[in-house]
Each structure stands twice: as C-alpha cells, then as structure tokens.
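Undergrad: So you can see what is in the structure, the chains are spelled out below.
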Amino acid sequence: MVVGVGGVTVGAEPGAGQPDRAGTGRVTRREMTRGLLASAAALALAPLVAASRPVPSTGMPTGTSFDETYRGRRIHGVLVPTEGRAVGGGEWQVTVDGRPLHLMRRADGTWLSMVDHYSSYATPLAAARAAVDEIGPGQRLRDLAPGPMGGGHMHMGGGHGVRA
Amino acid sequence: MAYVRKNVGRLTAGERKRLVKAFLEIKRRGEYDEFVRMHIDYYTPDGDDGLRTAHMAPSFLPWHRRFLLDLERALRRVDSSVTVPYWDWTRDRTRSSVPWTKDLLGGNGRARDQQVMTGPFAYSAGHWTIKEGITDGQFLARDLGRARDPIELPTSAELNRALDDPTYDAPPWDSTVTRGFRNKLEGWGTGSGSASWHNHNRVHRWVGGAMLGGASVNDPVFWFHHAFIDLQWERWQARHRGQRYLPANPPGLTDPQHERIVARGEKLPPWGVTPQSLEDVSRIYRYA
Numbered sequence: 000m001v002v003g004v005g006g007v008t009v010g011a012e013p014g015a016g017q018p019d020r021a022g023t024g025r026v027t028r029r030e031m032t033r034g035l036l037a038s039a040a041a042l043a044l045a046p047l048v049a050a051s052r053p054v055p056s057t058g059m060p061t062g063t064s065f066d067e068t069y070r071g072r073r074i075h076g077v078l079v080p081t082e083g084r085a086v087g088g089g090e091w092q093v094t095v096d097g098r099p100l101h102l103m104r105r106a107d108g109t110w111l112s113m114v115d116h117y118s119s120y121a122t123p124l125a126a127a128r129a130a131v132d133e134i135g136p137g138q139r140l141r142d143l144a145p146g147p148m149g150g151g152h153m154h155m156g157g158g159h160g161v162r163a
Numbered sequence: 000m001a002y003v004r005k006n007v008g009r010l011t012a013g014e015r016k017r018l019v020k021a022f023l024e025i026k027r028r029g030e031y032d033e034f035v036r037m038h039i040d041y042y043t044p045d046g047d048d049g050l051r052t053a054h055m056a057p058s059f060l061p062w063h064r065r066f067l068l069d070l071e072r073a074l075r076r077v078d079s080s081v082t083v084p085y086w087d088w089t090r091d092r093t094r095s096s097v098p099w100t101k102d103l104l105g106g107n108g109r110a111r112d113q114q115v116m117t118g119p120f121a122y123s124a125g126h127w128t129i130k131e132g133i134t135d136g137q138f139l140a141r142d143l144g145r146a147r148d149p150i151e152l153p154t155s156a157e158l159n160r161a162l163d164d165p166t167y168d169a170p171p172w173d174s175t176v177t178r179g180f181r182n183k184l185e186g187w188g189t190g191s192g193s194a195s196w197h198n199h200n201r202v203h204r205w206v207g208g209a210m211l212g213g214a215s216v217n218d219p220v221f222w223f224h225h226a227f228i229d230l231q232w233e234r235w236q237a238r239h240r241g242q243r244y245l246p247a248n249p250p251g252l253t254d255p256q257h258e259r260i261v262a263r264g265e266k267l268p269p270w271g272v273t274p275q276s277l278e279d280v281s282r283i284y285r286y287a
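Those protein sequences? They're chains A and X, same order as listed. Numbered per numbering that gives the first Met the number 0, the first sequence spans residues 0 to 163. Numbered per numbering that gives the first Met the number 0, the second sequence spans residues 0 to 287.
In short, the hints are calculated from the structure, not lab data. Be a bit skeptical, because a hint or two may be false.
Incomplete in silico selection of chain X near chain A, CB under 10 Å [said to hold, decoys possible]: (1) 135; (2) 147; (3) 213.
This structure is a prediction, so every number in the text was calculated from the model and none was measured. Note that the Cβ used here is the ideal one computed from N, Cα and C, for glycine as well.
Whenever a hint applies, use it, and build me the whole structure from the sequences.
TA: Shown next as structure tokens:
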C-alpha cells in the first residue's frame, strides 16, 4: 500500500494526474478537494514543495529501532528507509503486541499516535508508551476497515508508518 | 428562523430524552459512524505533508463548525426539535455534573477497563457499539479526569487568554504558533506533559478513553464540547469587532505553508465551502 505517501495528503495531491494508487475511495477524496487546487502550476509544484520541506530535528530518537516490553505489552518500532528520501529519512513502523500503531508527526518534531491524538511526545518510543498507557486491559489495536470517506487512508491498515 | 443551541445543563428532561433518542437513531442507521470515520480521515498533522483542514490549522474552527452542522442536520432529520447543546467545561467541571448524568451521556468508565456502565451509551444498553474504534473494544470508554495521574479541565482564565488575543491566527499557521486565538483555543502548547495541553486539547485529554484518540467522535460529548468551542468563535468576534479569519489570502509559492492551509476565501474540504461563508451563521443558529 502506498498510503504512507499519498493517503493523508487530502489537498496537496502528490498523486494528482496519476493513476489512483491507493485504490477505491480515493477518487471521492480527490474530487472533494479539487476545488482547492485550481491551478495546474500548483498541482505540478505540490510534490516538489512536499519533498523539499525541511524535517525538524527536535526530538529525533537516537536509534533507528526499539523493542521492549512496557507494562506487559510488546512495543516494537523500526525506522524503515524510504526511497527518494534524504539520508536519515524514512518511516517509523511501530507495533504494539504485533498490531500497527499509526504515528503522526508534529511540526515541532514531536510525535502523536492514533490512541493519544491530542498530545505529542518527544520520540516514537515515548508516543508508543503513552499509547500503551491508554489501551485498556485485554484490548488490542484494531485495523480499521476501509470506510466511506477514504478506504486505504494511511490511518488504516497494517505495517505503514509515518515519515521521519 | 434561527434555532437555538442551549447549555446542556438547561435542557429539560423531555429535551434530553429526545436528544438521546435522535443520537441513538442516527447510530442505528449507520450515519453516526460516518462522522467518526470522517473525523479520522481529516486528521492531517502539521509534521506530515498535505493540506490540513480540521486540526493544527486556521480552519480548525470553520471545519468543526460545518462538521457540527452536518451532525445537527442528521439529528434534526430524526427530530426537528433537537439541536446540539454545548458543555461549558469552565463551569460544569466534575465527574458527576452535566453532561455525565444517567439520562444524558452516562457517567465515567469503570476502573478496570474504562467501560462506561451507565446511561444510554453504555455498551450494555445495546445501542452504542463502537465500530470505528482505535482498539478492538466495542464499548464506549472514558477516564474522566485521568484517574492514574489526575488533571483539571481548562479554567475560564485559560479560555480568556485565548479570547483576549485580537489576532485570529498567525504564521506559521500550525500547532507551533504561540500567538493567535485559534491555536490558543485549539490548545497545542509547547513543552511536554500537562502544562502543554490547553483548552480544546485539554478537554479531550480530561475525558479520556475514546475522546483521547483519533476516533474521539465515538463519544457524543465530542459534539457538546465542540459546540462550546464553536461558541468561543462567536465570543471572540464580539470581543474584537472587525477582526476576521486569517489568513485572508493563501500563502505564496515560497511559503512552507503553501497549499497546506485554507485561506479565508478558499474552499474547505470536503464541503467546498469557504471559511468566509462560515464566519457568520446567525441565520442558522444562535447560542443561548
């Protein structure tokens, strides 16, 4: 799934003009946002702008992976190099007890998870631990099925992470 | 004729009953879960690429205003007397005050697993199964005040600090901006831990459980909370006459925020309406 690249870009449309990479559901989202992107020049520039945006260094973890048991849950994270990215770039793929935990990045370099969406943490590991703090006993992360608004969105599905 | 959104504490017993019934009906029809999903789908953070509409952006307020209107329309298709009430968390601040009553949203989650056990939205009542959740738990979860490490709801003083700012929003128009009404209200602070959670964000944190995660809409208090946030936009406009939504114009080609935020006259996904068109909704509803 290419969702880590295109799924979340509701408006910037790096995939505009290309085949629908993420599958069904994406067309609707694209059509919904088309009005915002009237200019062909803007469409052409969007990927360039996205690719050249500097990545903040604050809060970067020193390593490229972690693997620990925290409060009885196995937390695993690995920085997966992404093609076409600068050195040190990539996606953090994090799991809790083997289930994907989607992480998001704030502009200040801190991290949020789907479990704890209204606070951010200095590192992917800290965000993963904070998520574990909030996952109730006996519960596991769930893979959300594709829905009416955008099947294949980057929040859903397994294995993908967020660019570092 | 504009309808009225009331303080949730001032609803009559009959109004509470009809409101709950309308929520349960749109849940039964599957409409409610579409709102949950939509809110998940539009959470684009400012450290990732892409257009931000619902959070960490100037359009936080108009996006949620329109989102509330859609929900309210769905409720009113079931019962035209229903409107979304607001929860004034500067006044109703305890785990036993409104809206946490049995005839409205039910109470706190139990200690063992945060499961809400009382009221119409308790799993055991049979009408509120979580379908678009972050975990596989099928029940609504809450952890009011965060039992493990207690925090307080935002105070009226903190809310006032947001309302006092005469500028709607300011560059870089994201979660790191320290001035402007929008982010002071949305509540992305600096630093870490409790001191960095303000107003809107802090309330999500205080309610906990479902409200803390990407699927926060699963807790109907989401709407009562956001109606109160929406009311603050009106209050801010009244306090700073002539001040408007910013930016007025889209950031230029060389601006890092180019194509990443919605300016006043641009179309706001997914509706294609402009923030400008949502600045004055007095013909649709008013707050009492």
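Undergrad: Each hint should be assessed against the structure and marked as holding or not.
TA: We went through each hint and held it up to the structure:
With a least beta-carbon distance of about 4 Å to chain A, the hint placing residue 135 of chain X at the interface is held under the 10 Å criterion. A hinted interface residue such as residue 147 of chain X counts as satisfied when its beta carbon comes closer than 10 Å to some beta carbon of chain A; here the least separation is about 7 Å, so the hint holds. The beta carbon of residue 213 of chain X is positioned within 10 Å of a beta carbon in chain A (closest approach about 4 Å), and the interface hint is therefore held.
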